[in-house]
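All chains, please: the whole structure from these sequences, using the hints.
Chains A and B, in that order, give the protein sequences. Under this note's numbering, the first sequence has 20 at position 20, and the numbering climbs by one with no breaks. Under this note's numbering, the second sequence has 73 at position 73, and the numbering climbs by one with no breaks.
Calculated from the structure, these hints are not laboratory results. Everything numeric in this text was worked out from a predicted model, so none of it was measured. Where a beta carbon is used, it is the ideal one built from N, C-alpha and C, also for glycine.
Quick look at which bits of chain A chain B covers, simulated, 3 or more residues with Cβ under 8 Å:
#, region
1, 19 to 33
2, 197 to 207
Where chain A lies over chain B, by a calculated footprint (3+ residues, C-beta under 8 Å):
#, region
3, 20 to 30
4, 47 to 55
5, 95 to 104
6, 120 to 129
7, 133 to 139
8, 176 to 188
9, 200 to 210
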Amino acid sequence: MAAVSPTTRSRPPLGRCLLRLFTVQGSWNYERMQGVGMGVAEEPLLRDLRGANGGTTYHAALARGAHFFNAHPYLCGLAVGATARAEHDGVPGEQVERLRAALCGPLGSLGDRLVWAGWLPITSGLALIGVAFGLGFPAILGFVIVYNVGHVALRWWALRAGWAYGARVAMALREPVLQRATALSGPAMAFVVGVALPVVVRYLSGGFVGWSRGLLAVAAAGGVALLWWQRARLTGLRFGLALLAVAALAGGLWR
Amino acid sequence: MSLDTQLFLLAWGTLVGLDLVSVPQMMIARPLVAGPIAGAILGDVPIGLELGVLFELFQLDILPMGATRYPEYGPATVAAVSVAHAAGNVAAGLGLGALVGLITAMVGGLTLHAIRVLNARAVHRATAALEAGDASVLARLHVTAIGRDAARAAFVTAVGLGLASVTREYLGGTLPPRGVTFLNVAAVGAALAAGTAGTLRLVGRGPGFRWFAAGVISGVVVAWLR
Chain A
1 MAAVSPTTRS RPPLGRCLLR LFTVQGSWNY ERMQGVGMGV AEEPLLRDLR
51 GANGGTTYHA ALARGAHFFN AHPYLCGLAV GATARAEHDG VPGEQVERLR
101 AALCGPLGSL GDRLVWAGWL PITSGLALIG VAFGLGFPAI LGFVIVYNVG
151 HVALRWWALR AGWAYGARVA MALREPVLQR ATALSGPAMA FVVGVALPVV
201 VRYLSGGFVG WSRGLLAVAA AGGVALLWWQ RARLTGLRFG LALLAVAALA
251 GGLWR
Chain B
1 MSLDTQLFLL AWGTLVGLDL VSVPQMMIAR PLVAGPIAGA ILGDVPIGLE
51 LGVLFELFQL DILPMGATRY PEYGPATVAA VSVAHAAGNV AAGLGLGALV
101 GLITAMVGGL TLHAIRVLNA RAVHRATAAL EAGDASVLAR LHVTAIGRDA
151 ARAAFVTAVG LGLASVTREY LGGTLPPRGV TFLNVAAVGA ALAAGTAGTL
201 RLVGRGPGFR WFAAGVISGV VVAWLR
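Right, dumping it as C-alpha cells:
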C-alpha cells in the first residue's frame, strides 16, 4: 500500500473532524453501532489519500472507517485520529482493522467511568445542590457551561492524541492526567451525589406536611430497598409508574 | 395554552430529544436543563425547576452504555412541565406531571429502539456502497439518520404534549385533594428511590460507598443547617 506521509499535510483538518465527531452517534444502529458516524468523522482526515493509487487507498480506508465500532462517544476521536494517521502511515488494512477493534473496549470502559459515572453525575449533582439552594437558572447555566468545557476538552484531546500517536495510541491512554482523573472521578461522584440527595430531599419535600411526609419517607425508603433487591428486573421508571398507579387508585377509593 | 407556546415546546422537545444520542450530546437532554427552559417558555420557571429536579433523579437511574435500552426523560420533562403549569401550582400538578412524564419517557425509549432498527436496515441496504468506500452514500446515510432522529424526537414530544392536553382536559381539577397528595407522594418517593438506587448501583460496595456515605452525612448536615 502506498503511504502518504502525514508531513505532506502540515495542518490536518482536525477542526472539521471534531465538528463531525459531535454527530458521531447520529446514525447509531444495531449493525455497525457508531461505525457510519466514525466513517463520516474520519473522512476529512483521509482526503489526502485521494491522490494515492487512483483513489483506491482513500476508498479502502473510508470503507474500513465505517465498519463496526462502539465506544464512548466523547473518546471516538481517539480512534478516528489514530486510524486516520495509521492509514496515512501506510499501516496494512488488516492491522488498522485490528487497531479499531482493540480500541472499542478500552475507550468504552474509560469513557463510561470518566464521563457517565464521573464528570456527568458530579456536575449534575452540583447543579441539583445549586437549584435546591435557590440559585435557579444560574445553577443550570453553570452546569451546561462547566460540563461542556470538560466535554469539548475531552473530545479535542482525544482527537489530537489519536492523530499524534497513530498506531501507538495505547500510549495516550497511559497519560498520568487521564489515570489520575479516572481514579478521582469515582469517589468525587459518590461524594457529590451523596451530598445532593439529602439536600434535594429537603427541596422536594418542602410542600409535604403531617402524614404525607411520613408516607413519603416510607415510599422512598421502601422504593430504594425494592429497587436494590430487584435490581436485575425493576427500573426506576417501572417502579415510578407502578407507585403512581397505586396512588391514583388509593386516591380514587379513599375520598 | 396558545398554539405558539405549544409550538415552542415542541421545538424545544425536539432539540432536547436530538441531543440525547445524535447531536451534539451537550446535555440539554438532561431533565435539569429541559425542565427549566420549558418552564421559561411557559412563563413559569419554578415549576420547570421542580420537575427538572424530579426527573433528574429518575435520570440518575440510567447509564447510557452501548446498546442498552433506556427511557428518554428530556421530552418527558417538557410534557410534565406543561401539565404541571396548567394545574396552576406545583402542589396541584407535580404528581400529574410525573405520570405524563413517565409514560412519555417510556414511549421515548421504545422509539429509540425502533430508530436503531430502521437505521440498521438502511445501513444493511447500503452495504455494497459502504464497502466500496463511497463517501456520498456514507454522508447521505448519516444525515438521513439524524433527520430520522429529529422526527422521532418531535413525535415523542408531540405524544407527550398530547397526553398533557388529555390529562389537563379530563383529570385537571377532578382529583380530590387526598388523591393529589397521594400522586405527589408517589412521584417524589419514586424519584428519590430511583436516584438513590441508581447512585448506589454506580457506587458499588467498594471504597466509593464510603465516599457516598460521607457525602450523605454532609448533605444531611447542610440540609439541616439551612
